[in-house]
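**Q** Residue numbers for the first sequence follow the working numbering, beginning at 62 and rising by one.
I should point out that these hints are in silico values taken from the structure, not numbers from a laboratory.
Careful: at least some of the hints might be erroneous.
[Stated by the list, open to error] Straight-line Cα separation of at most 25 Å, DSS-like style, residue types lysine-lysine; simulated pairs: (1) Lys-110 <-> Lys-152; (2) Lys-485 <-> Lys-66; (3) Lys-95 <-> Lys-108; (4) Lys-149 <-> Lys-108; (5) Lys-128 <-> Lys-95; (6) Lys-110 <-> Lys-124; (7) Lys-228 <-> Lys-207; (8) Lys-274 <-> Lys-152; (9) Lys-207 <-> Lys-218; (10) Lys-274 <-> Lys-66; (11) Lys-149 <-> Lys-66; (12) Lys-353 <-> Lys-228; (13) Lys-66 <-> Lys-431; (14) Lys-66 <-> Lys-429; (15) Lys-207 <-> Lys-485; (16) Lys-119 <-> Lys-108; (17) Lys-66 <-> Lys-152; (18) Lys-353 <-> Lys-437; (19) Lys-366 <-> Lys-353; (20) Lys-465 <-> Lys-485.
Everything numeric in this text was worked out from a predicted model, so none of it was measured.
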Amino acid sequence: MLDIKLIRENTEQVIELLNRRGGDFSYLIDLVEKDQRRRELIIEIEKTKAQKNETSKKIGLLKREGKDVSEILLQVETFGESLLDNEKELKELEEFIYSGLLNTPNIPNESIPVGKNEEDNLLLKTVGIIPAFDFEPLAHWDLGTKLDILDFERASKITGSRFTVYKGLGARLERSLINFMTDLHAHEHGYTEIIPPFIVNRDSMLATGQFPKFEEDAFRVVDERELFLNPTAEVPTINMHRNEILSGDILPIKYTAFTTAFRQEAGSAGRDTRGIIRQHQFNKVELIKFTKPEESYFELDEMLKNSERVLQLLGLPYRVVTLCTGDLGFSMRKTYDIEVWLPSYNTYREIGSISNAEDYQARRGNIKFKRTKDAKPEYVHTLNGSGLAVGRTVVAILENFQQKDGTIKIPDVLIPYMRTDIIK
RNA sequence: GGAGGAAUACCCAAGUCCGGCUGAAGGGAUCAGUCUUGAAAACUGACAGGGCGUUUGUAGCGUCGCGGGGGUUCGAAUCCCUCUUCCUCCGCCA
């Protein structure tokens, strides 16, 4: 959520920066005007309340002395009416402003490229060598089926489309990657392991920015409570500290969380229908940080390195791009995407995304810190990154490390987890 | 699933039946000071925070604040409704 004070004081500039995402954010002018009226009302209401409080106190004192209060009681009734009307108007204004703010995305960082879509993303670097096959490489869905490690047909019998059964060494590869990634971040990169709940409530979805705008992307649990399947570990893990004031000396907090993520993929009906690139359910190892404002961009770059390390150790070719304003996620000010080379697509595909939300989620979730015991609380900055998407890593390994005979060579770092150096 | 109990400031805890100088007793912890070569102990003092509004102001003032939300009342920690969480016992279950 953006700070209404910031919008109030820099209306033009905020609108201009937001417009870089595409769309028209001039409605913020109306929001600022409503905010003006809101503050006028607060002054009036609080004046009346102060009067009322004082009179009530007086009644208490007089009653204690056994004096007659009927006259003063009549007098106090007149406060009521104007208060009721004003409070009703104030509530409506506040709801309007709050809803407006909840539906307004984060301001893009001024340094990131202005652009319409992924074509305008800025290439930062390309790492590794694209494999040259002396045979016709197969797509992972063919490899998976031939090796009997991915079963799409049975998954659709069990549930429906966009689900997969992992079987045998396929299942083990998935599980090996989860452990390998988590071990790497926990032991070598200094993150604390987390396994959060995979079901979250509405407030959590609201704090990280999935709701209210992207409710259709979530799986809802049919229940009298309003609960949703976790769409990304960012949601439960950032929300661990919702409504908390953290002590400054424990920052930055670094978590690596394993979750299974569930997404409707509502807007992607016809896309990536084959294979496991785009599933309703997939596993992810995520990196989450809570930092002081002045440290967040340093920590963002560190996080990118931590994510890249996974691909480097696995020996997968990838590239890193800075997302342009048009491709930037709703809650984020700056995002790097890591894209891995996929032979079947003959291109790089997103395998991870590392973002700084600055204080946007912290403000929605009321997550603060104090520099010292007596200091005024300030909002933390929240960061999250993939460390990485496990399913897509499986795809990358199958496709990049396939051999002429249809077997898959296992990267050295995974052999201890896999207990084999080949899938055949 | 059934039957009970609880939620008060950093922690513990009184107040809630019978609404009014309770914007919240008391204790612990913490911080500052006295004493001491230094420390401990003892003693003295400070200790509700956070949001919002006003304001040049981390000053002052106002407002809200006793798990969350709503209501009754001139006035609510205290009465009513509702939700959440935790605890005890029974049942079921990995």
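**Q** Could you tell me which of the numbered hints above are not met by this structure, giving the numbers in increasing order?
**A** Of the numbered hints given earlier, those the structure breaks are 2, 5 and 12, listed in rising order.
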